Structure formats: structure tokens, C-alpha cells
Amino acid sequence: MRWLTLIITAFFLLPAGTRGESLSPAEIEKRVSLSAPAATERRMDDIGWAKDIRDALRLAKEHKRPVFLFTHDGRMAAGRC
Amino acid sequence: MIETLNAHFVCVFTSNEDYDGATATVPKDERAELERIRHEGYDAKMSVGSVHVYLLSPDGKLRDSLHVAAAAEKDNLQQTLDRMVDRYKISAGRPVVTPVPLSGILHKAPPGGAVVHITARREGRGSWGEFPGENWPAFTGEEWTRFLAVPVGAKPEDKWTLDAALSRRILNHFHPQTEDCSDKDRNDLKVASLTAELQSDGSLRLSGRVTLMRAFYPGRKDLILTTASLAGFSSEGRFTLVTLDDARFGKEKFYAAAVWKKS
Numbered sequence: 001m002r003w004l005t006l007i008i009t010a011f012f013l014l015p016a017g018t019r020g021e022s023l024s025p026a027e028i029e030k031r032v033s034l035s036a037p038a039a040t041e042r043r044m045d046d047i048g049w050a051k052d053i054r055d056a057l058r059l060a061k062e063h064k065r066p067v068f069l070f071t072h073d074g075r076m077a078a079g080r081c
Numbered sequence: 001m002i003e004t005l006n007a008h009f010v011c012v013f014t015s016n017e018d019y020d021g022a023t024a025t026v027p028k029d030e031r032a033e034l035e036r037i038r039h040e041g042y043d044a045k046m047s048v049g050s051v052h053v054y055l056l057s058p059d060g061k062l063r064d065s066l067h068v069a070a071a072a073e074k075d076n077l078q079q080t081l082d083r084m085v086d087r088y089k090i091s092a093g094r095p096v097v098t099p100v101p102l103s104g105i106l107h108k109a110p111p112g113g114a115v116v117h118i119t120a121r122r123e124g125r126g127s128w129g130e131f132p133g134e135n136w137p138a139f140t141g142e143e144w145t146r147f148l149a150v151p152v153g154a155k156p157e158d159k160w161t162l163d164a165a166l167s168r169r170i171l172n173h174f175h176p177q178t179e180d181c182s183d184k185d186r187n188d189l190k191v192a193s194l195t196a197e198l199q200s201d202g203s204l205r206l207s208g209r210v211t212l213m214r215a216f217y218p219g220r221k222d223l224i225l226t227t228a229s230l231a232g233f234s235s236e237g238r239f240t241l242v243t244l245d246d247a248r249f250g251k252e253k254f255y256a257a258a259v260w261k262k263s
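Protein sequence lines, in the order shown, are assigned to chains A and B. Counting with my numbering, you get residues 1 to 81 for the letters of the first sequence. Counting with my numbering, you get residues 1 to 263 for the letters of the second sequence.
Just chain B, same shape as in the assembly (with noise of 0.2 Å):
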């Protein structure tokens, strides 16, 4: 499927977010385009709507749509991409586009600053569970700094509090995926403290506690509550915070994890 869409092909996906409503980003113009996809497909009588693969010809005209349950069933999609690529008769090429791991455009560090990793899964698989969320919450250098300083004076075994602030930053992501996709604050943080306890090599010894309610769908007021005890260090330009056994999304096991390395 990989090696048809980049050989054949050229890729592009949308978020629907981006286009449609009140949080819109893209210029008119562009979304004048999907508009107008949609819309000849309703004129032709093809399936239409927000989660969907449409396939256009290259002079841009839609051609076929599938939605995506019937995308994912047996070989759909593959059948349908083999028939475009019979019908245009195009010879296999290089990708048009240079494949580079997504998250890495979207998310970089500001100057000095720190970009996290944040994973969170449940533990069972299928839908919502079968690919975990991940977010990169970004750190100004000034506030990274800030919160994995040794207080002045402190000894092997001292422990301290980090900045409760740019704690919630980072635990606010602390759940595995929900309809609510948004990285926007919306979660009620019952607790969210992380202790440091400094080591004799100088590394930090990290624990703490999360303690989240958040709804399953945008605007729902059924809070689900998500729980974790924490545990990680930072040492050496290496920042890692892991959930413990004990993490819990309702009734069911989570893990996730803030990771951070100098670049």
C-alpha cells in the first residue's frame, strides 16, 4: 500500500479542524479546494464526509472516495488505488514528496528550549488503544531550566518540589486517547506534583502523582478519572517520567511517559 501511494501517487491528508467551523486555519482558498472536492462528489454521487479517502485525477478532478470503514475492509483501498493507477496508466517513480517522520516538522524546540515526548496508551488494543497518543509540549530554555534546578545548597537526599506550573504542562498529557483530541487545556488536575530527590552523582530522582479528570468526547461532562503514580529521573541532558502499575483511565490500565533529550 506504502510503496503504491509513493510511487503512484501524490499524498496529502487534512485535518478537519483546520478547514471546517470556528477553528479554521488554512487560507480561504484552500479550503475552497475541499469544498469543492466535496462537492463533486455529491454531484457524482460518491460517498462523502469528514473521515474519508477521495483520490482525484491529475488535473485535480475527484474521481472516487471511499469512506474510511470501507477503506479498512480486506483489500478496498488497495483495489481502488490499483484501478486510478491502471486508469492514468502512470509508471512507478520515486515518491514526488521526501517521506520525514511527521512529529518532527510539527513540533520543534524554541531556541534554548525543550520539546517533550509524551506517550500514553491503554493497555488493550483495538479501537482507541490500537495507536497511542502522543503530544510535545514545548519549553521556553528559561523555563527548563527553571524546573530541573538543584536548589542553591542542596545536599544528596534533599528533596523538593518542581514548579507546579510547568509540572501541570507536562502531566496535563498524561492519558491515553479520548475523541477530545485537542491539546488544548481541558482537563480538571485534581493533583499534579512531581518531587525531585537529588542523587550523589548529581542526577534527580523523580516520583509523583497525577490525578486527572477528563471527558471522553469534546464538551461531555461525564469526567473520566484518570490516575497515575509517577516515577523517573534526570541526568545528563535526559529527562524520563513513566507512569507505575497503578495508572488507571477509569477502570482500565494506561502507561505513558515524558521523555526529553539534549539535542
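Bound conformation, chain A alone (with noise of 0.2 Å):
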């Protein structure tokens, strides 16, 4: 706990510019490209994707078109896991 009451004292010693302070709203919208993904990163959303197995099979028979399912674990759709 020690060293986490350090760390947190530490950042109000900083001096105001390095807290961002002196950053214009232009540089703060271009930092958010840092970690929002680029368009590259979002190629599963060129894919036409099925809402489920059961519609994928029923849009299989349809369309005489085997299907392709992917099973993972986490959320792809929000990137998270």
C-alpha cells in the first residue's frame, strides 16, 4: 500500500504541463488515435456476418452455400478478449 500512496503523491508533484494541462483539444483528439483501431484492424466488419448459427444454417440452405463459423471466446465485435 506503501508504494501505491508514493505513486499517488508523486503525480500531484508533477508539474502542471506534464499532466496534459497545457494540450490543445487538437492534441488531444490526434492522441486518440494512439489506441483507437484503424480501419485495417477492423476487417471483420467487411465480412457479412449471420446473427446466429441457426440463421447462418437456414441462409446456408437457401443459398446452396456452406458456412463458415468461427467460435471464440470474448467479444470480438468489441475487441475486448
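Hints in this document: simulated from the structure, not taken from any laboratory. A couple of the hints might just be wrong.
[Claimed, not checked] Label-pair restraints from in silico Cβ distances:
{"no.": "1", "chain 1": "A", "residue 1": "Arg43", "chain 2": "B", "residue 2": "Thr195", "range": "34 to 40 Å"}
{"no.": "2", "chain 1": "B", "residue 1": "Ala164", "chain 2": "A", "residue 2": "Lys64", "range": "54 to 60 Å"}
{"no.": "3", "chain 1": "A", "residue 1": "His63", "chain 2": "B", "residue 2": "Glu236", "range": "43 to 49 Å"}
{"no.": "4", "chain 1": "A", "residue 1": "Lys61", "chain 2": "B", "residue 2": "Glu123", "range": "45 to 51 Å"}
{"no.": "5", "chain 1": "A", "residue 1": "Asp46", "chain 2": "B", "residue 2": "Asp29", "range": "28 to 34 Å"}
Since the structure is predicted, the reported quantities are computational estimates derived from the model, not experimental observations. Note that beta-carbon positions come from the ideal geometry of N, C-alpha and C, so glycine has one too.
Hints are included, so try docking the two chains, each in its own frame, into the full complex.
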């Protein structure tokens, strides 16, 4: 707990500029791109996805196409996990 | 690959959390279909597992499967898809489902409310750093208005602390991806504060700090210290908040941002 207290205390002793108070709105907007997904990282949006397995099976039969099923842990659509 | 999928296949993905165990939310007949596919794989001694590609015939029978690690090797997946196309002599066509941005259909604001798009990622790439984590916490209109309301009588350069619970709802997601991918509030938030300063043009300059402890794996007690200074602004139907250069997830630098634009 002592080291956590030290970290928090050190933050409040930092000069104001270090805390980002000198950043303009344009500079803040620019920093969004450091974490936001690039278009190339959202290519799953370029694929047409059926809503669930039953829907996919119905469409497969109707259009005489095979089914590509990807099962995964987490939330691919959300990018978590 | 994407062209092949759209032109020749019906594509679908599933989150195991929705199908298995106590977190299952899908109807029984939907779960039964996934179980049926897995059992067909066991019976045919195919690769079966939780993170897998399964290829079914047009009449729904399992014909091939790949573990995700095998699918990611060289052009294994493309070759497997091509074999299916050849096997069923499928001519290319338009996608049977129109592609749409997945995030847009999953996260809608309540009437008059706001959905904040949060992104967070490690500086390093590779495993767990290749893609950002994304979250869309939703706020009612009343909550969002209260969150960014200027106190009565406030003058330029006046400062105040934003609502703690609403700040927490945003800052709780300011960490990179972990194995625990639930939206549930499992973090130990030591510090989650946002301060607004009224500017002469009526906009708000935001500053703040987040310090949270989070386990990389669900249910584990080895918590990772995540800290960041924050800067942002709110002006004319736009809210933006970002981490600064001191942001750390354990020893590693990370970046996070929260953005809302009035639609």
C-alpha cells in the first residue's frame, strides 16, 4: 500500500504541463488515434455475418452455400479478449 | 480471404460465453446446434475446441475444422476455404448478409442518451497488444447532461469535480485487453477522478487521474497496477478524454481514449 500512496503523491507533485493541461483540443484529438482501431484492424466489419448459427444454417440452405463458423472466447465485435 | 468468405460462404461467429455454462444467454435450440456441430467433429475425429473454425456443408453437416492457431498459420485457412468452394462447386456471388460495422449494431444509446466509445491498447503489439480493447458504456440523457453540466454561476477558470459514479463508468475501461473480457465492473478503482475547468468560450477543459488494479485472468488475485493521467475537453457536442504519456499497465505503456460525438 505504501508504494501505491507514493505513486499517487508523486503525481500531484508533477508540474502542471506534465499533466496535459497545456494540450490543445486538437492535440487531444490527435492522441485518440494512439488507441483507436485503424480501418485495417476492423476488417471483420467487411464480412457479412449471420446473426446466429440457426440463421446461418437457414441462409446456407436457401443460397446453397457452405457455412463458415468461427467460435471464440470474448467479444470479437467489441475487441475485448 | 474476406472476398472468398463473402462470395462463397454464409459467415457466422459466436462468443462461447453466450453458449456455455452459467453465462449462456442464447436459446436452447441455438446452443443445441453448436453442440451438434461439436459432436459431429468428435465423431469424425476432427479438431474440436472453443476457439475454432468450423466449415459446414450447405445442408449444415460439419465437413472440416481448424484450431485458430492452425488457421492463422501460413495460408492454411485460405486453402481450407478453397477446398470447400471446389467441393461444392459454389459460384461467386454477393454476400448473403450485407456487411455492417459490428460495433454500430451492438451499442446503441438509449433515447436522448449517449454512448461513449472507449478504446485502449498497449504500446507493444503482438499477443494481447495487436488489437485495442473497445467498450461502449451507455448513459441516459439525464446522466450525460448532469455529467457535463456547468454549475450555476460558474465563471471562466472555475473548476469542479465531475460526478464520481459517472466518471467511474468511463474510467473503469481505461486498461488494455486482458483475458478477462467481461464488461463487468471487476476492477479495484483506487482513483477515478475527473475535474472540469470552464473556459472563456464556454467549453470545458478536463483533467484527471485513474489508478486501478485489475487481474489479467478472470478470478485471479494477482492484480496489475494501471495508472494514467488524463486530459480532455468537452465542447459543442463533443467529449474527448485521453491518457497521457505516463499511462502504465504494469510496466508497459498504454493508451486509452473516450470519445462521444453528438449524432
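Index of numbered hints that the structure contradicts, given in increasing order:
none
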